[in-house]
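Residues per chain, in single letters:
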Amino acid sequence: MPEKHKISRRDFLKNSAIGSLGMLLAAQGLPLAAQDSIINIVSSGADITSEPTTFRWVDSGDQKAVFWNAFFEKYMEAHDNVTIQYDALPWNEIAQVVPLGVRNGSAHDVFQRPLSVSLAQAVSEGWVAALDDIIPNFDEWKASFPGGVFVEGITGFNGKTYSFPATSNKRYGTHLLYNVEYLAEAGVDPQAGPLSADDFVATAKKITENGAGRYFGFIMGGNQVNRWGAIVREFARIAGAISMNVGNFDLDMSTGEVPYTNPLYLDAIDVLLRLRDDGSVFPGTLSMNAPEARARMPQGAAGMILQGPWNIPIWLRENPDFNFNIAGQPLLDPPNFVPVSVGPGGSNEIHIYAEASDANKQIAGDIFHYLGTFEGQVAWATLVGAADPAIFAEAVAEADMQPLERAALLMFNEQVRVGPSPIVRNPDTAAVNLELRPITPNLAETVQGIYTEQIDDAAAALQDLSDRANAELDRAIAAAVEKGAMVSREDYIFPNWDPHQDYGEDFYAEL
Amino acid sequence: MALAPPLSVSKPRKQTAISLMLRRISQHRWVYLFMLPSLILTALFTLYPIFASFYFSLFQWSGFTSDAYYIGLQNYQEVVPDKQFWNAFEHSFIFMLSSVPIKLSLALGIAILLNDRALRLAPIFRTMFFVPVVTTTAIVGIVMTFIMSPFNGPINTIMLDLGLIARPIDFLGDPKIALFSVVGVEIWKWLGNPMIYWLAALQTIPASLYEAAEVDGANWWRKFAFITLPLLKPFAIVIVLITAVGTLNVFALVQTMTGGGPYFASEVMEVYIYRTAFGAANSMTLPRLGYASAAAAFFGVSVMFLATIQIFAARWANRERAGLAAAETQLGDS
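Protein sequences, first through last, are from chains L and C. The opening residue of the first sequence carries number 1 in our numbering; numbering runs sequentially from there. The opening residue of the second sequence carries number 1 in our numbering; numbering runs sequentially from there.
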């Protein structure tokens, strides 16, 4: 069991003061309308063709699209022979478009890997080019990133780098976003101190009573099944049931065991059941996906939602009159708080297509290089904000950012740490990932089943889930070993993992 | 354009079956030539996927990598004990058995009304019932989620205003009714298809039969029971089959309205196959095209088996009735 960290009122007020200072500083910055002018295209030294060429880029869009649309416009102005086709697609379409494009030899020049395809697989199948020979001054460029962004086994193999994590993954997607007026009406101010889960349930009930059928305490996109798992997992993790993701389940890597039988998981599920039984959940939550739930908040349909920072720029842009604020996820066991662990490397990994033309590889290298410069990172942080945080901490401090976005990033800085990774410890565990089959029902589906009363015995369901996850991991390891991988369950045990600290090279060396 | 020459009467001689077939093809080469595009397209887009699916079902394969491992029947051995598979299997049949009778009965009723020459606005009504058929299914599914919403959705609002319900109904979120809510939309969406089939069938019945019955003093019900229904019977078998098979293809509607949820309460086979073929949503697990192909093949064969039983049962029933009728005639003559 990890050592518990208590957030005192003093710490909380100190962090809030830092956040407020950040907001004040940000408020003095450039007006938003002038944000596009922050992008300046300068030569990286790449050999950009003078012939007409069409360059294609596909990623999952969202707030990233705001940056890329502005950047590509500037890039095409600077290189009038280059036409850029930018496709922002949902993940389920990326899962089809990218593999089909590779198979047909017509993939985008730069793409995000489908979620189900590991980098090891993409490299062994010849999908992606090594960045080493494409990005100008590669070694210098790579060295400019903070440690832990490029990790052997995660972003590259055999000394070559194949993946560029364009953004930091130091964030989590279940923090509190709330309607300031409704919470004030209920007499609750989450800025005064972290809410407990009991406070959260009571506040939701009070808001619902105040709403008298016009609005409700809590809303979520319950039709998007993964939301059920995310909320319960983070409730349990920040209360101490630490874990990292393996396949489509979780593993407490301090012990190597599946954590679902930890009573904190039952407590976390109980929060949702109490909200349901109080009638505090927005009607129709079960048939609503996450974007619909997000869109209902500014309409005043509910007082609180547990979601991610990507909502902030959307609401600021599309609902400027919506008075909302953010706070950490309520605490199951206050004041104990264990930071949320994320994997090493970064997020939003982008790749250069191995079969792209040399001219387009040079353009890709030129653009990747820009994101490794301080100016590029500041531009990213300014335009993308907290939704997909920039990697350079200094760039985040420098960027002209909305106060709420800056507050979110400061909160993540406090509440998120890098956890251990079996693939960094033993690259052969990549072979296990190739063997892992999805367990069904998984945590998210099980929680939804409990919530909808299709599962009567929650404890038995979590025990069964835990047994199936353990069996699947054992099966996948055995299958990988049979195919020649040198891997065992021991590779998933990190006894020196302290979730309050980033799990860096020193910790791996101790094993 | 030269027409195919008439069949020549060949002298009796020993010929192999193959040479006879080749000769026949040669004699009717224009017919086969005209059929060729259709045959090629059928082979490419119907036969090849069917055989490929059976072939892929023998492999452990994600669908996009080159490392497919032959594992024989292991995927089938995994499908058979999978509770999720049987859950989806059951839902597909519940969907079909609840949709087809209602849809066909309603469609027949509407077709009979629209077939009445006295109804002057029949073409307008026919178009009205057929419009949902040509509307994009996914769009219908998404729009229906708004219409059925428990919060400000028009259906709940009307029922609340009329005092029919005290609390809004979560049509798509309540596991007890989610599947049947989708069935309701599916019936509305595809009602126009069997309606057109029934109309076509009704128009084959000679008007003289009804006129003769009227002369004999038959009322509407007796005309329907003794003329319309018996003469529709040969068409009914085909219409039931087409409609039943169509009702097993409801992926777009279920996926957009419930995604198979909540907690698999409305997961039908196609959604199950999609989920296993392309990987669990938002997870790093690999898609399993081989396994999904095995599930699809198993389900396809099961449906074919049931359809075959249905055809044989229908033929047996017809023969029995024909036999009885013949016996009755003989008895009457004697």
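The hints are simulated quantities; they were obtained by calculation from the structure and are not laboratory data. Glycine included, each C-beta is placed from N, C-alpha and C at the ideal position. Errors might be hidden in some of the hints.
[Unchecked claim] Partner residues are not named here, just some residues of chain L that face chain C (Cβ under 10 Å, in silico):
#1 L89
#2 S116
#3 K170
#4 N223
#5 V225
#6 T261
#7 L264
#8 L266
#9 L286
#10 S287
#11 A301
#12 T446
#13 G449
#14 T452
#15 D456
Here is what the structure says about each hint:
Evaluation of the L89 of chain L hint against chain C yields a violated restraint, the C-beta minimum of about 15 Å exceeding 10 Å. The beta carbon of S116 of chain L comes within 4 Å of a beta carbon in chain C, closer than 10 Å, and the hint placing it at the interface holds. Given the 10 Å rule on beta carbons, the hint for K170 of chain L is violated: about 19 Å separates it from the nearest Cβ of chain C. Interface restraint check: N223 of chain L against chain C, minimum CB-CB distance 6 Å, threshold 10 Å, status holds.
The beta carbon of V225 of chain L comes within 6 Å of a beta carbon in chain C, closer than 10 Å, and the hint placing it at the interface holds. Because the closest C-beta pair between T261 of chain L and chain C is about 20 Å apart, greater than 10 Å, the hint is violated. For L264 of chain L, the suggested interface contact is broken, since its CB lies about 22 Å from the closest CB of chain C, more than 10 Å. The criterion of a C-beta within 10 Å of any C-beta in chain C is not met by L266 of chain L, whose closest approach is roughly 18 Å, and the hint is violated.
For L286 of chain L, the interface hint holds, the least distance from its beta-carbon to any beta-carbon of chain C being 3 Å, beneath 10 Å. Below 10 Å, beta-carbon pairs count as interface contacts, and S287 of chain L has one with chain C at about 4 Å; its hint therefore holds. Against a cut-off of 10 Å between C-beta atoms, the interface hint on A301 of chain L holds, since the closest Cβ of chain C lies about 7 Å away. Because the beta carbon of T446 of chain L sits about 8 Å from the nearest beta carbon in chain C, less than 10 Å, this interface hint is met.
Taking 10 Å as the C-beta cut-off, the interface hint given for G449 of chain L holds, the closest approach to chain C being about 4 Å. A hinted interface residue such as T452 of chain L counts as satisfied when its beta carbon comes closer than 10 Å to some beta carbon of chain C; here the least separation is about 5 Å, so the hint holds. The interface hint given for D456 of chain L is violated, since its Cβ lies 12 Å from the closest Cβ of chain C, which is over the 10 Å cut-off.
Taken one by one, the earlier hints fail for this structure at numbers 1, 3, 6, 7, 8, 15, listed in ascending order.
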